[in-house]
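Work from the hints to combine the two standalone chains into their complex.
Protein chains in written order, with numbering that gives the first Met the number 0: chain A, 0 to 261; chain B, 0 to 346.
By construction, these hints were calculated from the structure, which means they are not laboratory data. No residue lacks a Cβ here, since even glycine has one placed at the ideal position from N, Cα and C. Accuracy of the hints is not assured; some may be wrong.
[Unchecked claim] Simulated restraints, written as ranges between beta carbons of each label pair:
no., chain 1, residue 1, chain 2, residue 2, range
1, B, LEU282, A, ARG119, 26 to 36 Å
2, B, ARG192, A, ARG139, 47 to 57 Å
3, B, GLY158, A, SER145, 23 to 33 Å
4, A, GLU21, B, VAL166, 30 to 40 Å
5, A, SER145, B, ARG24, 29 to 39 Å
[Claimed, not checked] Far from chain A by the CB rule (all over 10 Å, computed), these chain B residues:
no., residue
6, GLY65
7, THR169
8, VAL206
9, ILE211
10, ASP226
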Amino acid sequence: MITAALIEGRDLRFAYGGGQPEVVRGATLGVERGRLSALIGANGSGKSTLIRLLAGLLGPTAGEVTLGGVPLARVEPRVRARRVAYVPQSVSTVFPFTALEVVLTGRSPHSSRFRFETGRDVEAARAALAAVDAAHLEARPVTELSGGERQLVALARALAQEPECLLLDEPSAALDLKHRAGLIRHLRRLRDEQGMTVLVVTHDLMLLDPAFDRVHAVRLGRVAAEGSPADVLRDEVLADIYGDAYVRARRAFGRTFVWSEL
Amino acid sequence: MDLSSNQKSEIKNQKSVTAGARLARALLLLTVVLVASTALALWVGYQRLDFAALWTDERARLIFFGLRLPRVVMAGVVGASLGLVGAALQAMFRNPLAEPLTLGVSGGGALGASVAIAFGMGARVAGLPFVFVAAFAGACLSVVVVYRLARTGVTVLPGALLLAGVVVNTVAAAGVVVIQYFADYSRALQILRWTIGSLDVVGFDLVWRMLIFLVPGWVILLLLARDLHLLAVDEETAESLGVNVRRSERLVYVAASLIVGVTVAVGGTIGFVGLIVPHAVRLMFGEDVRVVMPCSFVLGAAFLMLADAVARTVLGAGELPVGAITALAGGPVFLWLLRRQQRYTAM
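Bound conformation, chain B alone (with noise of 0.2 Å):
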């Protein structure tokens, strides 16, 4: 090998425009979004934080350790987890406006969710919360109709892939509110208060429980990172390429029912993050899925940071529903999204 200095310096060149090195440059800035966001957030609340009386205040120093940060590590690791299957999500179908709530995932799961707390909030299968159970049980349920829907043969039809969400949600919802009917009147109290969501905590105890459940999703989703890149490209070649795409699409499901259901029986259907957040960072740092999806769990950490950050101090005393944040900041993307697919499909 003898390069002469310009072909070595192209060589280089070229090294800098791989996915590994924009992966690394792109986790260094979100890193320190992420890092300014969980201060941001740490800091507001219905008392701003005074750093110093942490030291001497016994009283500031249990809300802040006891509510204040078990809230904001919550908020991390669910949008963390939404931005993540909405990532892998809208790879494996090919489609941009895939995400938890528009496939119907987020609608079963609170569905599964309703009826463990209509059986009673403590109940336990096998030591496990029998809420997260029943939730990951009606996610899964509603991706393998929604994707049995949409699938004709080879191909999985868009159009048909969000309308089967959209019948799911709708079947989920009123499902919920028979159930809402029948059960007993603090129990469905119980019920109106979870539907709305919130990531209210009080201590670590909940978050570790969570992970235990979430941990195993996310490494899955990580590890097929590559295959999903393959399939958004495009099925039949990755398949072509040595993609096992059945085992791939089945793990996908399992992993992102498994998070949805846990998220949403914690709290409640928040949407429209794994849509907002994938995109942002599309747009940030490209289509390679094997960067959109570590960015998008670090982005979506710091987003529902910050989404409830409002949520706890737009109303001064009072809170409101961290969904309703997202969904407001996330419904006109997708609607600009909607009419920007219109645009490519048409071509």
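Chain A with its partners taken away, still in its complex shape (with noise of 0.2 Å):
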């Protein structure tokens, strides 16, 4: 199964900086291709330094990432953002720029740094933002936006890069209901009219089932559980990933409820 992933890394390491404690340690996972994956896991597993190694962001200080089987280290960062788009959790601009403007930034790998948008790249930036239900944003400022708009304008900013690959750092945190519903909807979209390959960091393991095809489940920085969403979402599964006996899973209406006992 491992030769199916697009992106994969193998035995990774990672501490931001020396002397510091690592964040990430002997974690080996395969992003599958034409598949969505969630990475979940308690806050400061290293779900996120993860998320950031295989998008070729931080470079591991031991072990290898691969994309479609070359060492991502030996790929011209122009000709990953071309393939790989990746989504931080929060986007924090402290200049005007407009949503458009924003997603517009997307299309740079494709062009020379010499050339400036053409007419046809507006209409990828346009149809990016529509397609995530925020054409209504594009001439407003960035920072006029609430957090869940800046989230949809960053997501619309990735899929305008026209990437093989998304890779989402907690996408769906500041998404109000219905929003969060229409996301996982569009990946799925993406995914099987475009074959596109998802991974997405969540805490929201409610999204899991049935949406997702593989969750990877992260504890003390390694990957410690992983196979499809019923293989995961198991009590004693759960409960040794967040290290909390009263974790519930339970499975009703053709999908699964994820609980913590109060």
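Below, the structure written as structure tokens:
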């Protein structure tokens, strides 16, 4: 199954600076091609660092990340940016760029540094905004948007990149119920219609079954469990991942409900 | 592709809003402003210029080509440099209050230049004026110190950045005073005269020598315009879009230090040009850094030519330091921006 991975991390280790404790401690994980995968784990377990390593934003202190079998360290950053789009947990832009300007930055890996966007790029950016149900934000300064709206704009920017693979760090955190469901529906559509590979860091365990194909659970900087949502969303697995004996997972109405007893 | 005429006109519409079209329009307008400013700056002065006399009067020709024209060109070159550096630093640090003066780059350059003057103005290192080299080194050092202090892991703290700039400026100013104290009398006077700052210049010789340093700096910054645009939106996103953030930052340090070092070495500390000009450009032409940088270059030239024209004429026969004019205009703008930024961060 590991050969089906588009992005693959092997025995990854990482610490923010020498002398600092390791955040990722020997993580091995394959982001499978054309699948919708989730990365879950407790706060501080190393999820965000792991997804940054897979996105090529950080270089591992040990181990190796490959993109389509090629070591990521040897892939030109702009070439990587055409294939892999990453959306950080939060983007705090200081200058009042319009939402369209921000989305248009997603087109930059596709043109030389001396070319400005063409009308076609503007069209692609507008389509990306419309795809996340945010066309009405186009002319608004991003500094005036709510956290959720900013997240939609960041997601539209990633879509405007027209990548093969989307890596999203907690994209649903600031979204309301409707936009959260809308986001997952959209990611599924991207997978089904374009064969997009998606990895999502999330705390939203209720979204996993039946929307996601794969779940990777991180504990103390290592992938401690992985498989289908049904494999991972079990009392004993979740109790270990979150270090919480009160976690419960139950299947009903064709989906898995997860909660912690109060 | 069978587009209806409606769709076609829509695409045409979209094209007109692209950054490239905006830049072309903005540059056209600003070039008109620049030409008008140049003409005005050449015309006014202790003696109004009589264009007709240039053909007949040898003395008028001497004043015009030996003094007036070089000075106006010098003001344009320095103003363009400061406007461009201000725009680049603001984008890189994601801080609308960043500019050579507030970040301590000018202060570091001034300290370096004072050291050079104390050792003798005419000294050369490998054929280059020592004062340029020392000012560049001082500017470089302060950029690195300020940046190191303000950067924590993945973010640059905006408050820490400006505070570090203030501290570097204060320390540098103290250094200049100490050097003045220990330098011999004539050199101390030279440093004092120079710290006041003036664009007074005779002939084009100095302008040419400056351009050897400035042109590479300009080219580096303008080549980095797109990287800086992406960085201004968000650093992590820029990195994920393929920008080599560390390399771009280093190149900006070097180019900014080169430009600020040389302008400080020649004209003294001229503050706030790098603050007012990019801000005015943003208000007129929007936030796109690829538009803001070249426009700040052109508008910076026009702005300092006019500020210098005011400095030359407002006292009649006497002359005010141009740095005083830009500070009087720029201080209030800085405070207004500070208030506005606080409102943004409070949200």
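*Is the Cβ of THR169 (chain B) more than 10 Å away from each Cβ in chain A?*
holds, 26 Å
_Whether the CB-CB distance between SER145 (chain A) and ARG24 (chain B) falls inside 29 to 39 Å_ = This hint holds: roughly 33 Å between Cβ atoms.
*Would you assess whether ILE211 (chain B), listed as outside the interface, keeps its beta-carbon beyond 10 Å of every beta-carbon in chain A?*
The claim stands: ILE211 (chain B) keeps its Cβ more than 10 Å from every Cβ of chain A (closest is about 25 Å).
_Reported absence of GLY65 (chain B) from the contact zone with chain A (all CB gaps over 10 Å)_ = The claim holds: GLY65 (chain B) sits with its nearest Cβ about 40 Å from chain A, beyond 10 Å.
*Holds or violated: is the Cβ of ASP226 (chain B) farther than 10 Å from all Cβ atoms of chain A?*
Its Cβ does come within 10 Å of chain A, the nearest being 7 Å, so this is violated.
*Distance restraint evaluation - GLU21 (chain A), VAL166 (chain B), Cβ atoms, bounds 30 to 40 Å*: Roughly 35 Å apart at Cβ, these two residues keep to the hinted range, so it holds.
*For LEU282 (chain B) and ARG119 (chain A), compare the CB-CB distance with the range 26 to 36 Å and indicate the outcome.*
Holds: the Cβ-Cβ distance is about 30 Å, inside 26 to 36 Å.
_Cβ separation of GLY158 (chain B) and SER145 (chain A), checked against the hinted range 23 to 33 Å_ = Taking Cβ atoms as reference, GLY158 (chain B) and SER145 (chain A) lie about 24 Å apart, which means the hint holds.
_Against the range 47 to 57 Å, how does the distance between the Cβ atoms of ARG192 (chain B) and ARG139 (chain A) compare: consistent or not?_
holds, 52 Å
_VAL206 (chain B) and chain A, when compared Cβ to Cβ, separated by more than 10 Å_ = Holds, because the least Cβ-Cβ distance between VAL206 (chain B) and chain A comes to about 29 Å, which exceeds 10 Å.
Violated hints amount to a single one, hint 10; each of the other numbered hints is respected by the structure.
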